[in-house]
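**Student:** Listed here are the chains, written in short residue letters.
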Amino acid sequence: EADIYQTPRYLVIGTGKKITLECSQTMGHDKMYWYQQDPGMELHLIHYSYGVNSTEKGDLSSESTVSRIRTEHFPLTLESARPSHTSQYLCASSESGLPSYNEQFFGPGTRLTVL
Amino acid sequence: KNQVEQSPQSLIILEGKNCTLQCNYTVSPFSNLRWYKQDTGRGPVSLTIMTFSENTKSNRRYTATLDADTKQSSLHITASQLSDSASYICVVSDRGSTLGRLYFGRGTQLTVWP
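The listed protein sequences derive, respectively, from chains G and Z. Okay, so the first sequence: first residue is 1224 according to this note's numbering, each after it adds one. Okay, so the second sequence: first residue is 5 according to this note's numbering, each after it adds one.
Bear in mind the hints are in silico, worked out from the structure with no lab data behind them. Some clues are possibly wrong.
As the list claims (entries may be wrong) - Derived lysine to aspartate or glutamate pairs resembling EDC-like cross-links, with alpha carbons at most 16 angstroms apart:
hint, chain 1, residue 1, chain 2, residue 2
1, Z, 41, G, 1265
2, G, 1240, G, 1302
3, Z, 21, Z, 88
4, Z, 75, Z, 58
5, Z, 41, G, 1326
6, G, 1240, G, 1286
7, G, 1241, G, 1326
8, Z, 75, Z, 9
9, Z, 5, G, 1282
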């Protein structure tokens, strides 16, 4: 099982609250990713990072922001949560090197519900 | 447009039976194809990876096939168990980006009944 952790696993909050979803990995991977997944739908890449101090937006536009101050840590923040942010958020990491062959290891996900 | 289509959307089988899941893709240039298993409320876990030159690969009771000419893959599950109940996601990687971008299917939701 991959050593990548996400907290909290479940979160129910009210509209307008600021939240941070935590993601940590102990594999020393340089690349990290955040995906959003709705029930029965494919994963969509919302943020990624090549390494410390590197962050990029993914394919799906998201109002969230990320930071990468340490290799092992890649938190995602929503400044003001809205019901449209209700979804499952999955964090992943992979090694550097030939990118297309590197397996992405996924965390267990955070199920976010905004009321 | 790079896409990954899976069928069926959902499948119910009895314990001990076999089943086959399908994946068609249009991702180009193709690098590799993975099948992931995602249990409810968990992150996906890789089952197999296949490159352009491979046409079959097995992992315990899972056997994946790849036809790179027709851009089709299948995942065959033998002697299903209750623990096989999960979503099976086909993921295709292209070799045209430095990120190693992944293209995800929507998954086949498999339910195994006793």
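**Student:** Hint by hint, work out which the structure violates, then give me just those numbers in ascending order.
**Tutor:** Hint 7 contradicted; others consistent.
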